[in-house]
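*Asks:* Okay, here's what each chain looks like letter by letter:
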Amino acid sequence: MSMDHSLRRLYEDLRSVAVAVVYPPGEDRDVLVEQLKRIGCRIHLHWPFPDAAPAGADVIFFQVSQCVQNSSAWSASEVEATLIALSEYETPTTLKQLLKTNAHGVLTRPFRSAGILSTLVLARSAKQFQNRQQVKIDKLENTIKARRVIEKAIRVLMDHQRLDERAAYEHMRTRATGLRVSVAEVAAMIIEASEAMEKLGLGGTRPGPP
Amino acid sequence: MTSLQDQDAERPGWRIGVLYSRSGVTGTTESQHFFGTVLAVEEINALGGVLGRPLAPVVYDPGSDAEEYRRLAARLLLDDEVSVIFGGCTSHCRKAMLPVVERSNSLLWYGSVYEGFEYSPNVIYTGAAPNQGSMQLAAYLIQNCGSRIFLVGADYIYPRETNRIMRETVEEHGGEILDETYLPLGCDESDIIDVVADIRRIQPDVVFSTLIGADAQRFYQRYHEACQQAGAQTAHIPIASLTMAESEVAEIGPQRCVGHITAATYFNTVDTPANRHFLARWRERFGDQPASVYAETCYSQVHLFARALQRVGSMDTRKLVQAVHQVQFDAPDGRMSILAENNHCVLTPRIGVCRADGRFDIVWESDQPVKPDPYLTAFGLDEFWLK
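Chains D and B supply the protein sequences, listed in that same order. Just so we're aligned, residue 0 is where the first sequence starts under numbering that gives the first Met the number 0, counting upward by one. Just so we're aligned, residue 0 is where the second sequence starts under numbering that gives the first Met the number 0, counting upward by one.
The set of hints was computed from the structure by calculation and includes no laboratory data. Take the hints with a grain of salt, since some may be wrong.
To be verified - Now the in silico label distances, taken between C-beta atoms and shown as ranges:
| hint | chain 1 | residue 1 | chain 2 | residue 2 | range |
| --- | --- | --- | --- | --- | --- |
| 1 | B | Arg147 | D | Pro47 | 34 to 44 Å |
| 2 | B | Pro120 | D | Arg41 | 47 to 57 Å |
| 3 | D | Leu121 | B | Arg199 | 45 to 55 Å |
If you're wondering where the values come from, they're calculated on a predicted model, not measured in any experiment. Note that beta-carbon positions come from the ideal geometry of N, C-alpha and C, so glycine has one too.
All chains should be modelled from the sequences, with the hints used to inform the complete structure.
*Replies:* Here it is as structure tokens:
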């Protein structure tokens with residue numbers, strides 16, 4: 000019987016995943032760590048609470064508490080790992096604290112062996128989805144930025160070179176291919192050049208044919 | 000089952016665990032928990048126990064230490080083969096017991112006011128939820144003391160959560176939180192002196208203190224000294240609290256507590272036949288030592304447990320909890336019952352002002368018992384605004 004491809008990937012992912020556990024020693028941590036071992040994760044224990052996020056971890060389980068330091072102190076840009084909060088209370092102040100941690104999942108005390116795997120899988124998936132979304136957002140933002148630049152350059156070419164919109168774009172595209180850069184970069188050069196001419200008092204519309 | 004009948008004379012007692020600290024930061028408070036429990040157990044056993052078998056307590060002193068609470072709860076449930084525990088005061092001690100209580104499917108009776116936002120099928124909560132004291136006290140302070148409020152508390156979940164409610168309430172009504180400061184449990188004397196100095200300097204209308212146990216006692220003492228030194232020309236700024244009961248006042252010295260305000264579901268000045276009976280028994284057993292809400296709650300919860308046990312004749316947690324939802328007890332503070340939907344207790348909020356004899360004048364009392372709402376689903380001050 001062959002295992003579904005994505006299911007196998009999920010299992011292999013969990014076997015290879017490096018897990019950091021930031022929690023004080025004791026029975027509660029034992030319950031968590033023993034279950035993570037059963038699941039097949041590689042585990043590193045951290046305590047007291049480190050100033051920076053444990054390096055090299057794919058997943059970080061960490062204590063949420065009002066009294067001690069929190070993961071919110073870790074610089075968000077440094078944390079590549081999936082974050083799973085280990086919480087004790089569910090009062091509004093604790094929930095606010097929890098939101099600040101930017102965790103992808105949460106386990107609430109008392110910990111039980113059941114539920115740890117599901118939380119791990121969902122949090123990993125949520126983090127990966129978030130990453131994919133972020134990549135997409137970055138791309139879209141760049142596209143929008145490029146479009147604005149291209150539109151501005153087209154207007155420059157239309158005003159100064161008396162090209163129509165289509166010809167202006169075609170001109171930039173051809174140049175981009177020739178120079179092995181993107182259309183947006185060519186557009187940026189045109190805008191820069193136009194602004195330089197303007198500064199030198201050489202701007203303005205070139206007189207058209209009579 | 001004739002063999003069982005034959006053994007009647009020497010049937011063993013119903014083993015129950017009792018975990019209250021007689022020492023440490025909450026030693027005064029938890030001694031009250033302990034004495035209330037003792038009184039009820041002795042009362043029940045003097046009347047022949049439950050279904051002919053006495054309650055047989057197994058008792059340990061966790062010394063106000065969460066780790067000890069965890070260890071001793073495990074010892075009771077796993078080694079001593081007890082399945083019902085009466086115990087706990089602070090939230091971190093309750094939370095420390097919770098894993099082993101749930102894992103062994105046992106039953107914990109928790110008799111302290113706390114911050115709410117918890118439900119366990121293995122816990123019966125007989126102390127006040129935030130909608131049974133905190134919110135009423137906030138309304139009372141704004142209406143009667145003024146709206147410039149200074150918050151000081153112990154650094155753990157209960158004070159922070161209680162202050163959140165206080166701040167929300169006060170700010171919603173145009174009041175102002177002048178300061179919000181937290182001291183670690185078992186803090187240094189200098190921390191307390193600093194806070195007292197801040198209060199003297201800032202001159203709020205009222206101080207709301209969620210310091211607990213011995214720290215709170217030291218705070219009231221230092222505060223009193225500072226006010227004395229300042230002389231009579233300065234106005235008396237009252238301290239309000241949810242935990243400063245008669246037992247704590249006795250430790251501080253009643254003269255030092257006159258005019259301070261406490262919200263609780265019981266004061267020993269409550270005038271009911273059940274309370275008169277309770278206080279008579281209390282004096283017989285413990286003499287002049289005052290009974291407070293902690294003793295009263297623990298006394299009542301043991302009686303409620305006994306009624307449930309009487310009904311089912313078994314220490315099975317599921318059966319017991321079902322029975323708990325059906326029985327009632329005519330407690331010193333009113334009719335006691337547990338809501339099936341959240342395992343918390345129906346209670347009557349009261350507000351008292353401390354007198355020179357260490358007892359409280361009840362200046363406000365809810366005209367009817369308030370259902371527990373641990374998750375504050377009906378949150379909104381209009382619900383709690385005092386009439």
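*Asks:* Which of the numbered hints above does this structure break?
*Replies:* 2
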